[in-house]
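The lines below spell out each chain.
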Amino acid sequence: MNPFISPLIPEMATQEVQLNETLAHLKTESETLKSKLEEERAKLHDVELHQVAEKVEGLGQFVMKTRRTLKGHGNKVLCMDWCKDKRRIVSSSQDGKVIVWDAFTTNKEHAVTMPCTWVMACAYAPSGCAVACGGLDNKCSVYPLSLDKNENLAAKKKSVAMHTNYLSACSFTNSDMQILTSSGDGTCALWDVESGQLLQSFHGHAADVLCLDLAPSETGNTFVSGGCDKKANVWDMRSGQCIQSFETHESDINSVRYYPSGDAFASGSDDATCRLYDLRADREVAIYSKESIIFGVSSVDFSLSGRLLFGGYNDYTINVWDVLKGTRVSILFGHENRVSTLRVSPDGTAFCTGSWDHTLRVRAICSLI
Amino acid sequence: MAEGSRDQGGSGSTDPEEDSPNMIVYRKIEDIVTRIQDEKAGGVAIRTVKSFLSKIPSVVSGADIVQWLMKNLCIEDPAEAIHLGSLIAAHGYIFPISDHVLTLKDDGTLYRFQVKTTLDNHECLRYVLRTIYLCKRTMQNKARLELADYEAENLARLQRAFARKWEFIFMQAEAQVKIDRKKDKAERKILDSQERAFWDVHRPVPGCVNTTEMDIRKCRRERNPHRVKKSVYGVPDDGQSQPSPVHISSQPTRKPTKEDVQKEISFLNIQLDRHCMKVSKVADSLMSYTEQFMEYDPFVSVIEPSNPWINDDTTFWDLEASRDPSQQRVKKWGFSLEEALKDPAGRDQFLKFLESEFSSENLRFWLAVQDLKRRPLQEVSSRAQEIWQEFLAEGAPSSINLDSHSYERTSQNLKDPGRYSFEDAQEHIFKLMKSDSYARFLRSNTYQDLLLARKKVNVDKGRKKTLFPSCRCC
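Just so you know, the sequences run in chain order A and B.
Residue 178 in UniProt numbering sits at position 178 of the first sequence, and the numbers go up by one each step.
Residue 37 in UniProt numbering sits at position 37 of the second sequence, and the numbers go up by one each step.
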């Protein structure tokens, strides 16, 4: 017997033990790094945002009114988006209908019936000439909007994105030519609209991705996503890499939105809180919550200056927060079921909410006292 | 990377349902309801109320609940307390003893607390239970058990649906009535009302919100995802769509593999090397940004002439779209080069200024690269070549000045031209414009004139004011 060849079986057993040890070791290493990182970041957490903001003048009282109510959906409104013209809106609902409205006149301009129910995502193209939508069909489709009202929009439909689970959100980039999507399959993806080709995929979430938002910068190549793994990730669109990650929420993150300068973003979660994360400090810098608010946040958006944060909640209300001071400045009633979607108009003159009560409401400030 | 302090080992809690979004809310409501009932710890007094000839056991007034909520949850506005209380009622945790509609009223209306049920049945079993429940009520001659119109309709429909099983159902109902008769009168009243309230949640009065409806994205973590199917296929009489592909099988959170953890480790190392700013500094930055833009924020400042949504007047939009910018708009161009370039009028003015300084190729290059990123995939390669020829090649007609490093990188990128081939170059040129030309632009006569409204830009004559803007909306 060759003394240099050791028996195989014991060796394999040793290897297996080594593999298990490696995973455990790696996990320990990861935990150690996490603690170290938390320690380092905590050193820079020298003050709270609301403390620094004490010197800022408080916001006066204001009266916000519903100025338009859009009725026409036959079931829960799940998503909406503004057109760059500041008055048109696209909305989608559980009954498979996607409607384009001129919210200013409340006229319905286009309607499409999707072949599936639960159309959870819709977006308006920057040119205003197309809309994208999808949901339980696992796809994102683009419909060019025809000026001819009699034309059947469904005929020109273009299938762009293909996921292996529901489409949770979609957004055009700065052009009609690319769409960014997020899905229940745990990934985000960037697509070329014309060819339907996948340009980049983004892996890193450990569960469904529920929302995304593109960085507002003109030269920006990043976006943020939020998921059921309670994480908010910031991604580099060019490389597909996750460049920053935040995990302080206690439940699903339903909505993420950039602060207008692009240096921070807000999130809304089923843990009934909204939070503000700053990218330069790589840290959560504010939490917007109240003991009396126990239902989840479905959707958030900032006012134009970033001073106000609007949150749509599952308790049918909208809470308006002073971003700097961390206080709630107003609670708005009106919807008769969950608020599922909320967006501020492109020029900040109004915000629109969509609800499970089948309606959309456009609200603006009536008077400032 | 920010991480909250939770005892999480990485793969979530043992029972995924306990962490599900719905359970989180229900736990919070249960906590509130437990506290309200705890008389020793400041809860409301649950008592028996005498009413005409009978006694009403175990009740609380709506006003008491509202008071409690305001005091213990720091709610200043009674409307908010009533709204929260109504939601707690809509979810079935408290209920009015003489109304099917589950809302909270801030008056002497009497309410009871629901017993904690662990009923977790499949939808089909619930239909059977519902039928038995309605049936047994018809067997007893008591005014309080009489069926409301919509309940009688319910029962008629269920009777048709269960045609062949009717005898079985009838027997079950009879058996329950027999058992109920043996109970103490007060206890029966309470149990009957609790049972009725349970059904008011699961079979709400037409027009009331069905709070058991779920967000389909969250259903996978529920113990009985079958419940969901009803909402997937829409309302029963909505005959339109085919069934949708609902993937309910997979686990909500993937278990991390060795590769996942290795990836995480390299990510964490990168984060550790990152240079971050202090919170005090970012706070100042956020504050100054917000302060700068507050005068433009329609939710914070009054905008001129008026908000279109309030006065139904589109003048504000027409002014913003015009190439004849207001002083306020011109002021924004001075905030940053990005702001100036965002506004088409600002872009035009800056370009004109650069032309006067014979350095417009920088901005034209920047704009060309922006346009490149917006092209369909098919056109990217050829467009990239065009940009190279125009701005960077030997003897280019609009030659731009790049440092040798960026030039090398870009030249390399062009071997396999893509959307991001010019990123380095674009960034370099932007920094150049920002530090050099932009500062001079702000000091220039043209800009100063506009800022101080000394001269007006030439406006197109004969522009039609449109009420319905066309498709193009830049």
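One or more of the hints may lead you astray.
Calculated lysine-lysine pairs in the DSS-like style (CA-CA distance at most 30 Å, straight line) [as the list claims (entries may be wrong)]:
hint: 1; chain 1: B; residue 1: K258; chain 2: A; residue 2: K290
hint: 2; chain 1: A; residue 1: K36; chain 2: A; residue 2: K71
hint: 3; chain 1: B; residue 1: K71; chain 2: A; residue 2: K65
hint: 4; chain 1: A; residue 1: K34; chain 2: B; residue 2: K71
hint: 5; chain 1: A; residue 1: K36; chain 2: B; residue 2: K281
Derived by calculation from the structure, the hints in this document are not laboratory data.
Mind listing which of the numbered hints don't hold for this structure, in increasing order?
Numbers 1, 2, 4 - these are the hints that the structure violates, sorted from lowest upward.
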